[in-house]
Amino acid sequence: MQNAAGPTFLADCPTRLAVEIISDKWAVLVLYGLSHQPRRHGELVDLIGGISRKVLTQTLRRLQQYGLVERHAEAPRRVEYSLTDLGRTLVEPIEVLTIWARDHGGAIADFQEAAEAATPARARAQG
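With UniProt numbering, letter number 116 in the sequence shown gets 116, and the count goes up by one each step, no holes.
Calculated directly from the structure, the hints in this document are not laboratory data. A quick note: this is a predicted structure, and the numbers were derived from the prediction, not measured. Every residue gets a Cβ at the ideal spot worked out from N, C-alpha and C, and that includes glycine. Hints are not guaranteed to be accurate.
[To be verified] Listed next, with one range per pair, are the computed distances between beta-carbon atoms:
| no. | residue 1 | residue 2 | range |
| --- | --- | --- | --- |
| 1 | 47 | 12 | 30 to 38 Å |
| 2 | 105 | 13 | 26 to 34 Å |
| 3 | 85 | 10 | 23 to 31 Å |
| 4 | 47 | 92 | 16 to 24 Å |
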């Protein structure tokens, strides 16, 4: 029997895996950081504000396991990361999402500020 809501809602639907990958806080930024050229670990740390070296390493490893990023070790101290062919298929959707964020990020921030202002101070202190 097929799920009445459609295959996207099934537990084993590939859409869920895709959402899991791109919903990671840092994955999209790392993928976008690699979209124009291979980069070394330190370059990515400098490029992506706020990411720690440890979290970047974990994110790169996870993206490698998904087949989206590959690691090239030319020498012990010369390691670069680049997108695989599969990883490059995400560049266009990420660019579309980036444009959307630029166009609508201000509105989202306004709604967040309004929601915070509407929340009583006592509830914010408990949260």
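These are the hints, each one checked on the structure:
| no. | hint | result |
| --- | --- | --- |
| 1 | 47 to 12: 30 to 38 Å | 35 Å, holds |
| 2 | 105 to 13: 26 to 34 Å | 29 Å, holds |
| 3 | 85 to 10: 23 to 31 Å | 27 Å, holds |
| 4 | 47 to 92: 16 to 24 Å | 20 Å, holds |
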